[in-house]
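Line by line, the protein sequences are chains A and B. For the first sequence, our numbering begins at 789 and goes up steadily by one. For the second sequence, our numbering begins at 2 and goes up steadily by one.
You may find that some hints are simply not true.
Looking from chain A toward chain B, a few residues come up when the C-beta cut is under 10 angstroms (computed) [stated by the list, open to error]: (1) Ile814; (2) Gly843; (3) Gly851; (4) Trp887; (5) Glu1023; (6) Glu1132.
Derived from the structure by calculation, the hints contain no laboratory data. Built from N, CA and C at the ideal position, the CB exists for glycine as well.
Spelled out from the first residue to the last, the chains are:
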Amino acid sequence: MSAEPQFSSERAGDAVRLALRGAWTIDAGRAVERAADGLVEAARGARLAVFDFSGVDRLDTAGAWLIDRARVSIEATGAQNRIDRAESQYKTLLQEAGWRAFESHPDRRTDTVMDFLVDVGHNVVYAGRDIAKGVSFLGESVVALTRAILRPHDFRATSIFYHLENFALRSVPIILLINFLVGGIVAQQGIFQLRYFGAETFAVDLIGILILRELGVLLTSIMIAGRTGSAITAEVGSMKMREEIDALKVMGVSPMQALVAPRLIALIVALPLLTFLANMAAIGGGLLVSWVYGGLSPEAFMSRLQTAIGFNTFMVGMIKAPFMALVIGIIAAMEGMAVHGSAESLGRQVTASVVKSIFMVIVIDGLFAMFFAAIDY
Amino acid sequence: MSRTTSSNDAGRETVIKVRDLVVGFGDKIIMNGLNLDVFRGEVLGFVGGSGMGKSVLMRTILGLVPKRAGKIEVFGRDLDTLTEAEEHAVHRRFGVMFQQGALFSGLTVKQNVQAPMREYLDISQRLMDELALLKIELVGLRPDAADKFPSELSGGMIKRAALARALALDPDLVFLDEPTSGLDPIGAADFDELIQTLQHTLGLTVFMVTHDLDSLYAICDRIAALADRKVIAAGPMETMLASEHPWLRAYFHGKRGRMISPPQASAG
Ligand SMILES: Nc1ncnc2c1ncn2[C@@H]1O[C@H](COP(=O)(O)OP(=O)(O)OP(=O)(O)O)[C@@H](O)[C@H]1O
Ligand SMILES: [Mg+2]
């Protein structure tokens, strides 16, 4: 390969002759920077500096920039300077990639305490805006949903079925599995702990009530928030990024109508169905563990379950499901719409979507618990 | 048949040599038996109708699209035989400007230009900043664009920023996919001039996909035309104008072609 960038200096009275040799290219990395700094050093105190290019094998924009930067530094000390024996393309390059002052952007002062306070302030304001935006988005979605219900023929049913398949059908295996496992775990713990009091049979009450009222819908919602909520945010977000949402708007199609409403409807239909399946799977898990681990026959389990729970126990869980779906869908779509430009912002928004919807699912579950306690259902 | 040049055509070194290339997606064949040479130090204009596979050819040479058959040599090295380290070294000498810009959306223009520098070079932050700003200025962007994100740029600014990134490492071989589309005529002319200056001063080899007849006349040393899944003609503008292929006739002698033709006679 070509030689390292080097130079030799020769003093003759007030003048210095800087004979450059080798390849002054960016490949040399720091060596070319050091060599260029050396030029300034070598010319210190001289009245005239002559740059002799006859030994230069190669020059690129970085080399030209550095040499010209050195030349300007030398000039600043009041010395004359001259370029000697440079091939014409080197001359052009020195001109094209010559030194010029870039206005420096002063780095923003960083004050940790101040930044922290500013951050907190921003976050409080954003949280407030989030709530306001959420409410307005909810309003828009309700309008879009009502329109969809009032004028169903405007609405593409295929799109809903497509989403139903994606959101519901494809989530079935994982939801069955985790609920089956959780049902089994609750049964095992129930039997194990209640055995001390000789109240093992009450484990069935525990399973039935806990799963039907709380766990089934909660686990399903959290799973869907992670699985489907993130997918909706990513879909809507990347459409926003690539101006597809804008394209819809100029075509006179409301993105709420075309994108958000079908997904919301599909979610609202899917989540109760999935919750029902989740409940059955969890009870199945509980039944199996009670039988194998607790020695309770399936018949005994069933008859005990029948006395332990009522229709209302089942309904408490099911009533919550569509609300969970609405919250997950709205947060997911809203976060998707909030994506700006960069891929990074897409990632951020997807994370925010999942975190917020899981948080809201739990908050809503708590509110429902208070509500049902108050009406004694 | 397309002309198959021996590597010593006019005694020049071939930088890209493509032989009997077959590329397809699924059961659709895009290129079948394509041959192409690009010589050191030249600007090759690559023309062809929309959807004929110009971008696909570029991506195949870059190793982004798998080929079904054929051979591609770059800098005299067969791309199939390279080890990972050698491939890295070959890619170091490439500068690529994609049709859509392909700027990293999470980085500012300046950071975009510095991205290849960070990957390949060991230089000080100061020099990196200066070089990035220099490249940004060379491609005709205002310095305040340096700290903008790609989503804040206009279409033409994206093109320029993408070129600045392609030139970041002073590459030996530059691939440009329609660099001047979406630029105003003055900007496009500046662009052409810049590419020509760089070609003269740095000895750049340029593979340029373009539809811009002005660019073809102004800066391309040779032109290659893609049609019928092959390079149907390659050579200087006179070869193109003389070709009897119907597509080439329509391209260079059509309404738009004629409007450009006269000045060529005088510009020579
Ligand atoms: N990833 C892909 N999968 C399937 N087909 C593809 C893929 N990429 C390109 N094609 C097809 O290959 C053909 C050539 O596409 P290409 O992008 O190379 O066109 P082009 O010549 O660059 O056109 P333009 O001038 O419009 O940019 C097109 O028909 C396109 O549909
Ligand atoms: Mg293309």
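Original post:
Measuring from the C-beta of Ile814/A to each C-beta in chain B, is the shortest one below 10 angstroms?
Top reply: 6 angstroms, holds
Subject >> chain B contact restraint on Trp887/A - CB to CB distance below 10 angstroms >> reply: 9 angstroms, holds
Subject >> chain B contact restraint for Gly851/A - C-beta distance below 10 angstroms >> reply: At about 9 angstroms, which falls below the 10 angstroms cut-off, the nearest Cβ of chain B leaves the hint on Gly851/A intact, so it holds.
Original post:
Close enough to count: is the Cβ of Glu1132/A nearer than 10 angstroms to one in chain B?
Top reply: 4 angstroms, holds
**OP:** Grab the minimum C-beta distance from Glu1023/A to chain B and call the hint holds if it beats 10 angstroms, violated otherwise.
**Re:** 17 angstroms, violated
Original post:
Measuring from the C-beta of Gly843/A to each C-beta in chain B, is the shortest one below 10 angstroms?
Top reply: Violated: closest Cβ of chain B sits about 18 angstroms from Gly843/A, beyond 10 angstroms.
In the structure shown, a violation is registered for the earlier hints numbered 2, 5, in ascending order.
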